[in-house]
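The listed protein sequences correspond, in order, to chains V and B.
1 is the number of the first residue of the first sequence in this note's numbering; add one for each residue after it.
1001 is the number of the first residue of the second sequence in this note's numbering; add one for each residue after it.
Since the hints were made in silico from the structure, they are not lab data.
Misleading hints may appear alongside valid ones.
[As the list claims (entries may be wrong)] List of simulated lysine-lysine pairs, DSS-like, C-alpha gap at most 30 Å:
#1 V:K118 <-> V:K2
#2 V:K110 <-> B:K1148
#3 B:K1003 <-> V:K110
#4 B:K1003 <-> B:K1027
#5 V:K96 <-> B:K1148
#6 V:K3 <-> V:K23
#7 B:K1019 <-> V:K23
#8 B:K1094 <-> B:K1159
#9 V:K110 <-> B:K1094
[What the hints assert, rightly or not] Quick list of simulated restraints, FRET-style, between CB atoms:
#10 B:D1232 <-> V:E63: 39 to 49 Å
#11 B:D1047 <-> V:E63: 30 to 40 Å
#12 B:S1056 <-> V:E63: 33 to 43 Å
Bear in mind the structure is a predicted one, so any value in this text is a computation, not a measurement.
C-beta: ideal position from N, C-alpha, C; glycine also.
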Amino acid sequence: MKKVILIADDSPTIRKFVSVSLKMQGFEVIVASDGMEAAELLPKQKVDLIITDLNMPNLDGFEFIKSIRSSQENKDIPIIILSSLNNEEDIERGLKYGASSYLVKPFDPKRVQYEVSKYLN
Amino acid sequence: MSKINTNLNVILEKLGEMKKLFHYGEKIVPIIESITQFVDETMPLLDNVNASIVESTHKMPQATNQINDVTSATELATTEILDLIDEIGNQVAKIKEELSSINKSGTSNLERLEKLKALVGDNPSALKIIDELVDSLPVYESVDRILKNIEVIEEASYKITLSLQVQDITSQQLEAVNHLISSVHEKLNDLLKDFGEYEMDQDNYNTGLNSGQHFDANAKYTEHGSKQSDIDKIIEEQQKTSQDEIDKLFS
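The shape of chain B in the complex, shown without the other chains:
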């Protein structure tokens, strides 16, 4: 009898637990329903996000290629400008050479006229003609003036070549951006591959990511000489340290 009672108690306990479970289920069902609804509503959004990632991933190689095109174009233009500056330099050197020979011949003509003046003696008409000839030699002043103008041209050409170095600095910065884009592209590609959505077209996309970094991402275009003076100080300090070590060794 007592065994039957015990069994009944166990059954009643189990029924109590089941009742609690049903109560809990009543509470949780609406939550599950709202989660299901949320997932239903989110799915299209997730599909959109996925499609957007695929599209962006497709566009990344194009962005990289465009950056490469910009670098090539500025490189070509800069080289062309440098060729022209080189040519200007060559022409200026020739002009300077010619001016120098004009100056020499002017000096020698002047010397001849001075000699002639001494030979002529007191002939006022002859002296007047010689003086007029001396005055008509425009050599010194003109040549000096032209040489000064040439110096201005040379200085301007020099400054242009200095400023054109911005091309090298910006190309390194663009290379750093390319590196960043291709790193993101690779990560996204791995992610999409896991979803089975996308396979990177390696044949048409080679940014050189695995060929080793050969740019300085921190390259900056600064005022000329400012960075070099810092470097000189570092080198001076290092050389001083080395000399101190040598002195210590032999003292």
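For reference, chain V alone in the conformation it holds in the complex:
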């Protein structure tokens, strides 16, 4: 059975980039255009890993991560941040909130594949 990865990003092109790259690796991908939509998807669908942006409307990435880590059911899902924010405070905050990895945009799809395989293979 294919592992399911949830991508939360408000940029349709980034969602597409990541989806194409992960589908090639044999994963099933579901997408959400912001943190709120992603949080609403979680109870309906079993997810093995989450890739999330930080700057998003409605519910940003930090709050989204916080909500996942505070949920009993999803607190152990690996979370990879994929953001253009690259200052130390944001990285520290993201990891403190419970992200497993931090990748910066523009990103190398091979690095995304590597990080995903670290948690799912």
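Could you slot chain B onto chain V? The hints should help.
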């Protein structure tokens, strides 16, 4: 008598002060006249400035909408290109699969011909035909050559997808410009409202200014990997610090 003198002195003092005042007035009147003239001349200019601000304020929503249109168009085009690259990837995968099966069948044909060669023994005519058949199997070299060409196509497609990320970065930069324009628009609108000149058409102008910032104004398109290696160093440093703290705690 002395009281009358005192009163006269007071009147004379007052008259002296009035004289000074008139002297001062004589000096100040030309200045007031020139100020009035200046104001008269400046008024049309101020009217022009005001009209220009009103006009610019009217145009700002249009500028914002145009920026949004540019973002949508590049987004659509990028998605279309990515769809095509995805399709190229699918087709390339199929070609690779087919080449692999051709390679397998070629190998097995070669093995059969080698077996046949052993069975034929010392028949030179038969051996010659078999050798010709072996030579006519173009499988290995051709397949290898095609696979190498496919690798070039795959690498080029991969590089295209990397470069297309510029769309996401520029859209964030444009969003930052939009945010700036709408902030200026709001300030000008407040100013014009105070003058009673202009009322912003909120229905036709919604830039999402109050919906919270969801872009990175400092987003930059850099060489791939350069920013990530900096991030990795920061994470490594942070993890090292955490481990040091744990070690200290248990030492």
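Hint check:
no.	hint	result
1	V:K118 <-> V:K2	16 Å, holds
2	V:K110 <-> B:K1148	20 Å, holds
3	B:K1003 <-> V:K110	109 Å, violated
4	B:K1003 <-> B:K1027	36 Å, violated
5	V:K96 <-> B:K1148	45 Å, violated
6	V:K3 <-> V:K23	10 Å, holds
7	B:K1019 <-> V:K23	97 Å, violated
8	B:K1094 <-> B:K1159	21 Å, holds
9	V:K110 <-> B:K1094	21 Å, holds
10	B:D1232 <-> V:E63: 39 to 49 Å	25 Å, violated
11	B:D1047 <-> V:E63: 30 to 40 Å	50 Å, violated
12	B:S1056 <-> V:E63: 33 to 43 Å	37 Å, holds
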